[in-house]
Structures are given as structure tokens and as C-alpha cells.
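Each number in the working numbering comes from the position in the sequence shown (counting from 1) with 48 added on.
Misleading hints may appear alongside valid ones.
[Said to hold, decoys possible] For lysine-lysine, the following DSS-like pairs were computed, each having C-alpha atoms within a straight-line distance of at most 25 Å:
| hint | residue 1 | residue 2 |
| --- | --- | --- |
| 1 | Lys-55 | Lys-71 |
| 2 | Lys-122 | Lys-71 |
| 3 | Lys-234 | Lys-164 |
The hints are simulated quantities; they were obtained by calculation from the structure and are not laboratory data.
Since this is a predicted model, take the numbers as computed values, not measurements.
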Amino acid sequence: MELEQVKGNTWVLKSWELIPLYKLDDHRCVLLDTGLVEQQADLDESLNRYGLTPVGIICSHAHIDHMGNNAFLKEKYGAQVAMSLGEAGHQFSYLAMNVSNYLYSPEDMGASPAHKGTPVLADRIILPGEETIDFCGAAFGIVSTPGHTCDHICVKTPDNVLYLGDAMMTGRTLHRSKFPYAFCMKDYLDSMRKIRTVEADRYVVAHYGVYDEILPLVDMEARFLTQRMLELLDLVGDYTTPKLLASAICRTYRIDAENLRDLAYFEAASLAYINYLRGLGHLEAYIQDNQILYRRTPDSVAKLKEKKEAVLPQTGRFQ
């Protein structure tokens with residue numbers, strides 16, 4: 049990993065994602081997230097090469113590409129781990145991690161190579177309402193941004209650099225993502241609107257980039273996700289379920305689930321999409337044959353009919 053300065057004592061380790069860090073002095077640092085288990089050797093070698101010892105970790109959320117090496121760094125270096133209340137509760141054991149991966153079995157979770165060795169007990173719980181924390185001798189700002197996960201946070205370093213984690217993605221990454229994930233799409237969009245009001249000198253987006261200005265990216269993502277959710281309505285026939293919608297999205301966008309974890313992820317994301325569309329009044333839930341199914345509401349069906357009629361020219365309109 050290459051180390052690149054962002055501002056002052058705030059730096060990023062550059063891999064396929066960005067892992068920010070704040071230098072407390074010439075040797076000690078606080079990491080903001082720790083990447084995947086698969087990146088463990090690369091991360092450790094890079095820290096050693098640059099003469100850095102991680103004494104603390106502030107974790108944005110408990111997804112495997114952000115907390116995969118928390119436990120390893122805590123065991124090897126004695127690094128203190130700080131997490132928000134909701135995320136810390138999801139990472140202290142394999143069974144707790146199963147809550148946010150509920151389509152996996154507990155046995156699958158424990159056996160998954162991507163989750164191997166990841167449970168860790170946080171040393172510092174960031175409570176709801178805390179906007180600053182003193183951690184490892186430095187003051188960090190905390191911005192609560194739920195939606196991507198239940199208690200996702202953004203972190204502002206003492207250099208006034210805001211690390212957004214997965215509170216948003218850049219356009220390049222976003223448009224490649226056929227299944228943009230949010231635990232709650234409504235809260236995710238609300239948190240992005242909140243980010244618009246957070247002033248910082250520079251912004252670091254995990255996936256992917258360092259920016260002086262974030263508003264255009266925030267607005268672009270909000271428009272993209274809003275439009276993508278509406279596009280998914282066209283994939284709903286007489287009825288749908290999270291499983292059926294995930295399958296329809298895979299067919300439409302030519303995606304192949306390569307393993308059980310990916311397919312479970314797709315289905316969980318589809319449920320979040322369905323719940324968002326229900327909140328907008330486009331879908332409604334009903335029970336049939338002891339199953340929960342979802343269909344378009346009468347208003348949504350009427351708008352779909354108007355849309356189709358508007359696209360097709362009337363017979364005889366053109367000579």
C-alpha cells in the first residue's frame with residue numbers, strides 16, 4: 049500500500065479502497081478502518097515499511113471490508129478499538145455478526161474465510177449524541193450517518209479532514225455497483241443530505257477518492273439512487289419477494305452471484321429496496337399462502353400505465 053498525505057497529520061493508505069490514518073507523532077497512528085482480512089499482510093507490511101505503529105482504530109462500521117483487521121491489530125499491537133454502539137454490538141462475536149448477515153447461518157458465518165478472526169470487543173463505545181471523542185490523545189469529530197448500517201459514523205480528524213467511510217460512494221464506484229447496499233435506504237439518503245452540511249477542508253471516501261469539495265458527489269449519488277430505486281419497479285410483475293427481486297436484478301444487470309455470501313448480500317439489499325419503495329407508496333405487502341408478498345399499489349399501477357401510454361405514439365400520428 050502506498051502512503052499519501054491528505055492534510056497535516058492525516059494520511060491514507062491506498063489499496064483498492066482507502067484506509068485513512070492520523071499520525072499522533074512520527075511513529076504512532078490511529079487508523080480509520082482496517083480493510084479486509086485478505087489485506088492483512090499488505091496492511092501490516094505497509095505500516096512497518098512506513099515506521100507506523102497503530103495504537104488506535106476508529107471504525108466507521110462493522111462490514112468486513114472496513115473492520116476485517118481490527119482484532120488482528122488489537123492482538124498484535126495492543127491497538128484500542130473505538131466503535132459506535134450499534135456497530136460494536138454487531139462485532140463482538142460471530143453470532144452477533146450474524147444479525148447483520150441474517151441470511152447466513154451462524155455456522156456459515158464462523159466458517160467464512162472473509163470473516164475469519166474478525167470478532168473483537170471494542171475498548172471505546174461511541175454513544176449516540178457524541179460529536180467529539182478524545183482518543184489516544186487526540187480529538188476526533190463524530191458524525192452519525194446511519195443507513196448503510198444501523199449505526200454508521202463518519203470521522204473528522206484534528207486536521208479537519210472528514211472520512212466518510214461508506215456514507216457515500218464516488219460516481220465511478222457507484223455506477224459499477226448494480227446492488228448498492230443500504231440497511232435502510234431512506235436513512236442512507238437522509239444521512240447523505242446531512243453530509244452536505246458538514247464542513248471540512250478535505251473529504252476522504254473509502255470507495256474511492258480524496259476531495260476538496262463533496263457536494264456535487266453527494267447530489268449525484270442521491271439522484272442516482274433515487275432513480276435506480278424507481279427503475280426497480282419495472283422489474284416487479286404481479287408480485288415480488290426479496291429473493292425474486294434479487295434474481296430479477298441479476299438477470300437485468302447481468303450479474304452472477306459467485307458464492308453464498310454474495311447471493312445473501314443481494315437478497316438483503318433487495319429487501320432494503322422493497323422497504324424503501326413501500327415507504328414511498330409504490331409497493332404494498334400482503335399475505336398469500338402463508339407467504340409475505342409485495343405488489344405495486346393501485347396508484348403505482350396507474351402511473352405505470354400512464355408512463356407506457358406516454359412513450360407510445362398514437363396510431364396514425366406519424367405519416
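Verification of the hints:
1. Lys-55 <-> Lys-71: This hinted pair holds, its Cα atoms lying about 11 Å apart.
2. Lys-122 <-> Lys-71: 17 Å, holds
3. Lys-234 <-> Lys-164: 32 Å, violated
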